[in-house]
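Q: The lines below spell out each chain.
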Amino acid sequence: MSLSVRNLRKSYGDKVVVEDLSFEMPKPGVYAILGTNGAGKTTSIRMMLSMLSRDGGEVLWNGEPLTTDICNVGYLAEERGLYPKYSLMDQLMYFAELRGVTKAEARERIRYWAERLEAEEYLYPPAETAPAPDKKKRGKNSGRKKAFKPKLADQLSKGNQQKIQFMIAMISDPELIILDEPLSGLDPVNTDLFKGIIREQIAAGKYLIMSSHQMATVEEFCTDITILNRSKTVLQGNLNEIKKSYGRVNLHLKTEEDAKDIIDRTGAVLISEKEHEYQIKVTGEEQANRLLGSLIEAGITVVTFDLREPSLHEIFVEKVGEVHE
Amino acid sequence: MNKKGSLTGLGKVYGFTLIQLLKNKSNLISFGIIIIAAIAAVPVMSAFMGGGSAETAVFYTDVTTVEAFLGEDEVGFDARYFIQYAYSIVVMMICIFACTYIVRSIIEEKSSKLVETLLVSIRSDAMILGKIMAIITFIFFMFMLIAAGFGLSYLVTGMFTDTSFIGEKLASVGLDSGIINIGSDLAVVVVISLLLACIALSQIAALSGAGCSSMEDMESANMAATMIILVCYMVTVFITPLGSGAAVFMSLCPFLSSFAAPAYYAAGDIGMTIMIISWVIQIAVIAVIHKISGKVYDSLIMYKGSRLKMARILSMAMGRKGENDK
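Chains Z and W, in that order, are what the protein sequence lines are. According to the numbering used here, the first sequence holds residues 44 to 368 in order. According to the numbering used here, the second sequence holds residues 244 to 569 in order.
Everything labelled a hint here was simulated from the structure, so no lab data went into it. Keep in mind that this is a model prediction, so the values were computed, not measured. Just so it is clear, CB atoms sit at the ideal spot from N, CA and C, and this is done for glycine as well. There could be a bad hint or two in this list.
Stated by the list, open to error - Taking beta-carbon pairs under 8 Å as the criterion, some of the chain Z residues facing chain W (in silico):
| id | residue |
| --- | --- |
| 1 | L92 |
| 2 | L95 |
| 3 | S96 |
| 4 | G124 |
| 5 | E140 |
With the hints as constraints, model all of the structure from the sequences given.
A: Dropping the structure here:
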């Protein structure tokens with residue numbers, strides 16, 4: 044199976060919002076579409092899913108135009124929402140049916156995802172019997188379990204609503220999963236929960252497309268990226284290769300004594316300093332080694348010497364900054 | 244994201260929307276009150292009008308008999324006015340209910356922010372059509388219950404007290420089954436005409452609703468369909484009682500025909516042939532509106548911003564682009 048996005052274009056009047064976006068996913072993995080606000084990420088995703096008409100280009104799944112008839116797609120939209128006044132179970136069953144999942148299968152999957160996302164209490168009655176009612180209030184129904192009143196969406200917190208929406212995206216057990224800002228608005232506990240599920244989906248051989256502003260998250264999961272800026276692709280490719288192409292230029296140095304003068308003498312650029320802990324930009328390994336030699340020669344005790352490739356955040360800022368200049 | 248032209252999922256939207264309408268307590272309470280009022284109508288009328296009206300009824304019946312004797316067996320102004328007025332009110336109520344529900348349902352759908360998730364599985368026109376069908380079914384079901392409640396009340400009240408005064412009152416305004424075409428065919432004509440009126444006006448309401456993004460716009464969105472309903476109501480109530488002169492024109496004119504044709508049919512001014520032609524024209528109009536709507540639903544359903552006026556929506560449908568749907 045493979046996903047191929049070719050030359051997607053979209054304009055509103057004279058304003059171009061997506062200009063020739065192309066990328067390939069020849070094998071399962073995670074592809075990230077990154078970009079500044081208004082760069083065209085969500086519009087691109089909407090075009091891929093045929094929610095928006097395209098001015099040009101095509102999206103192919105195994106060489107055929109992508110539709111739900113040939114590809115089981117799960118989509119978590121950037122805008123979170125649920126029907127506020129309908130029961131959560133009704134909503135989940137509705138979306139499952141729309142995706143062609145049988146009722147019995149849907150019930151099983153809802154149960155699975157409710158457990159997995161720790162959302163059972165909003166969907167199912169508590170296992171234990173409700174406390175006995177007051178003697179005064181006891182009527183002919185006394186002794187029975189208290190009737191379970193299903194939760195409505197507007198009774199849930201934002202994070203819990205997001206869990207239900209994630210369940211909707213996953214209810215059909217999709218092979219292509221598109222997640223638009225999947226972790227935004229989640230607390231650290233739920234962020235870890237979602238990350239765990241994303242890892243499971245990757246391990247299960249799913250195709251994931253992720254759009255996010257959280258660069259650390261993208262770095263954690265994605266193998267390939269496209270960075271969009273003002274509708275144009277400014278950087279594209281395998282994340283590791285992109286990083287390698289930049290070389291190891293980030294140096295994290297920690298010393299026992301002050302090393303500022305030596306850093307300055309080697310020509311490296313000091314980015315920040317805090318209690319003999321330095322973030323330095325070097326031109327490459329040669330300059331870093333020279334700095335290390337100078338430090339040892341000067342008798343300075345080196346506690347940490349960590350030379351790294353630039354982070355995705357830095358690459359993103361640099362690429363977007365280049366275009367702005 | 245389904246294949247182009249596919250209405251896959253329409254049935255699911257229909258089922259879900261209908262069930263949610265039936266589960267909605269405020270809907271059930273509102274219609275419950277109307278049904279109770281319909282059930283109570285006959286006993287109340289009987290209590291206040293039944294006992295002392297016999298002489299009056301006989302007097303009016305005599306007048307009608309004199310008219311019949313003179314050969315004036317055409318439907319008179321009073322009878323025409325009564326038929327048209329009563330029928331137009333029913334059409335207006337059903338259509339206004341349906342349009343209001345549809346506008347609300349579509350704006351709720353948009354404001355729920357679930358539209359994007361839905362559009363993965365279903366096309367926008369199928370989604371909206373499913374909603375329209377479900378709401379029309381709900382409204383018809385409720386009005387059937389109201390009619391059934393009234394009928395049941397009439398039968399049950401008749402077992403305990405004299406309800407003939409209702410027939411006499413109707414006869415007094417010239418509503419005589421000898422002159423008026425009252426039969427099962429009229430029932431079919433009324434139901435089909437009501438259904439077509441509802442579908443056509445609901446499509447306009449849906450189009451208008453799809454151009455809104457927040458519940459605050461609901462009243463303005465309702466205006467387009469409501470204005471058409473009110474104009475049709477006023478025109479038919481004022482013109483139809485004047486005579487059969489405009490019968491064919493009024494019966495064939497789109498939108499107006501749903502309000503006027505069944506009344507003309509009941510009065511014997513038009514036959515089944517004109518009625519069928521009237522339906523064909525209405526179906527054609529519905530198809531045109533559906534076609535126009537289908538062109539813009541994708542853009543409208545994703546649109547966020549201030550309410551788009553109907554003229555703007557129509558210009559989009561005619562191919563004049565430029566609407567930013569982001």
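Q: For which of the previously enumerated hints does the structure constitute a violation, in increasing order of number?
A: Violated hints: none; all satisfied.
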